[in-house]
Amino acid sequence: AAGVIQSPRHLIKEKRETATLKCYPIPRHDTVYWYQQGPGQDPQFLISFYEKMQSDKGSIPDRFSAQQFSDYHSELNMSSLELGDSALYFCASRDFRGNTEAFFGQGTRLTVV
Amino acid sequence: AQKVTQAQTEISVVEKEDVTLDCVYETRDTTYYLFWYKQPPSGELVFLIRRNSFDEQNEISGRYSWNFQKSTSSFNFTITASQVVDSAVYFCALSEGPTGGFKTIFGAGTRLFVKA
Numbered sequence: 001a002a003g004v005i006q007s008p009r010h011l012i013k014e015k016r017e018t019a020t021l022k023c024y025p026i027p028r029h030d031t032v033y034w035y036q037q038g039p040g041q042d043p044q045f046l047i048s049f050y051e052k053m054q055s056d057k058g059s060i061p062d063r064f065s066a067q068q069f070s071d072y073h074s075e076l077n078m079s080s081l082e083l084g085d086s087a088l089y090f091c092a093s094r095d096f097r098g099n100t101e102a103f104f105g106q107g108t109r110l111t112v113v
Numbered sequence: 114a115q116k117v118t119q120a121q122t123e124i125s126v127v128e129k130e131d132v133t134l135d136c137v138y139e140t141r142d143t144t145y146y147l148f149w150y151k152q153p154p155s156g157e158l159v160f161l162i163r164r165n166s167f168d169e170q171n172e173i174s175g176r177y178s179w180n181f182q183k184s185t186s187s188f189n190f191t192i193t194a195s196q197v198v199d200s201a202v203y204f205c206a207l208s209e210g211p212t213g214g215f216k217t218i219f220g221a222g223t224r225l226f227v228k229a
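Protein chains in written order, with our numbering: chain X, 1 to 113; chain C, 114 to 229.
Pulled out of the complex, with its shape left as it was, chain C reads as follows (with noise of 0.2 Å):
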């Protein structure tokens, strides 16, 4: 069963345009860590954000911010006033505590399309 959704397949905004990319996770488990990837087309994959399911406080980071609520099992990504810079494909991912040997199991992936 996918264990973590990210509905939106591909998302096309315009420069300068707040977008929030969404993300459902499942897990049974009581500890566990949730992240945001970004894959720019060169391929890898480059670290933004991890939560553990302790801390369901906010984030903000520039202009990234992150919502996690453990009530709807989601952790949302705005990314505001966006830049063309920002167009990559980006992975919400969930690592399982000890019964899930914190491997990482990702989302299917939302590609973001940012025009100028």
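Chain X with its partners taken away, still in its complex shape (with noise of 0.2 Å):
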């Protein structure tokens, strides 16, 4: 079965640059959450989106910005890396309607050097 699909796995990048990372939920799934995880902490929820708009917002920096489109993908993007930002992050998606669990990819994982 197809599984939620995070690009790219590993990236690398330094302070001040920027990053976007993608997320393609599995298919028929219209919402798309995503999370941060700092290292040895718990993931933390940013931001949801639903059919493309943005439906809950939790503790996402102003540096960051995401946008789920038409075909459902969705894109976190970070401006001004700081070295803080290094975490992995995951993105999870669900059916709205379909009342079962968010379904979370591998995450990326992110160095800020």
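Among these hints, one or two may not hold up.
To be verified - Here are a few chain C residues that face chain X, going by a calculated C-beta distance under 10 Å:
hint : residue
1    : Leu158
2    : Ser208
3    : Phe215
4    : Phe219
5    : Gly220
6    : Gly222
What the hints assert, rightly or not - Listed below are the simulated BS3-like cross-link pairs for lysine-lysine, each with C-alpha atoms no more than 27 Å apart in a straight line:
hint : chain 1 : residue 1 : chain 2 : residue 2
7    : C       : Lys116    : C       : Lys228
8    : X       : Lys22     : X       : Lys57
9    : C       : Lys151    : C       : Lys183
10   : C       : Lys151    : X       : Lys57
11   : X       : Lys13     : X       : Lys57
12   : X       : Lys22     : C       : Lys129
13   : C       : Lys116    : X       : Lys57
14   : X       : Lys22     : X       : Lys52
15   : C       : Lys151    : C       : Lys129
Claimed, not checked - Footprint (simulated), chain C over chain X, 3 or more residues, beta carbon under 8 Å:
hint : segment
16   : 10-23
17   : 33-43
18   : 87-95
19   : 103-112
FYI, nobody ran anything at the bench for these hints, they're computed from the structure.
The beta-carbon is built from N, C-alpha and C at its ideal position, and this holds for glycine as well.
Since each chain comes alone in its own frame, lean on the hints to assemble the complex.
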């Protein structure tokens, strides 16, 4: 069965650079969630989208933005990267009407040097 | 306020021992879901189990079993006859219903070391 696809799997950027992470949800899933997991921490909710509209917002820095496109894939854009942005970034998707859990992708490991 | 509490930060056991990971949750929703995920050193989140708030049946899957008790807001996870490959961080998580947007709230995780 198709799963949530995240790309790239690994990314190395320098401070003050910009990074874009992509998430391709499971087919027919209309809701996407982004999470950030710092070293030794639990995943923290950043933002979510339903039907291309932002549905909820967590502790997402102002330097970060995200959107969901017409094909339901989502992109997380991070600008002016800081060393503290180094983390695992997870995307999860769910079928809003399916009353099921969200399914997580394998994550993107971002390292800021 | 922390909604999912995993009081055990680290647990170390010897292979073949049984181990229970504790999880206490807090929610005002009547509809919610509870999960356990395993995170090996490679980093991916491996889904282990999902329970909805209306199903208090305990579940066993091989060496894994889960005890869901709404009366104490607990969802504990037991590994029987632990193996070295069970070494990982285990997260208990809560997904609240419509009022919470079904986003997942994780506990702080319990790091399990299984020694040979």
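Okay, the hints, checked on the actual structure:
1. Leu158: holds, 5 Å
2. Ser208: holds, 6 Å
3. Phe215: holds, 6 Å
4. Phe219: Holds. Min distance 4 Å.
5. Gly220: With Cβ-Cβ at 6 Å, under 10 Å, it holds.
6. Gly222: holds, 5 Å
7. Lys116(C) to Lys228(C): Violated. Lys116(C) to Lys228(C) sits at ~31 Å, over the 27 Å cutoff.
8. Lys22(X) to Lys57(X): This hinted pair holds, its Cα atoms lying about 18 Å apart.
9. Lys151(C) to Lys183(C): Between Lys151(C) and Lys183(C) the Cα gap is close to 23 Å, so the pair holds against 27 Å.
10. Lys151(C) to Lys57(X): holds, 25 Å
11. Lys13(X) to Lys57(X): holds, 25 Å
12. Lys22(X) to Lys129(C): violated, 41 Å
13. Lys116(C) to Lys57(X): It holds: about 17 Å lies between the C-alpha atoms, which stays within 27 Å.
14. Lys22(X) to Lys52(X): holds, 15 Å
15. Lys151(C) to Lys129(C): holds, 19 Å
16. 10-23: violated (count 0)
17. 33-43: This one holds; 5 residues, not fewer than the three required, reach chain C with a Cβ under 8 Å.
18. 87-95: holds (count 4)
19. 103-112: holds (count 5)
Violated hints for the displayed structure, listed by number in ascending order: 7, 12 and 16.
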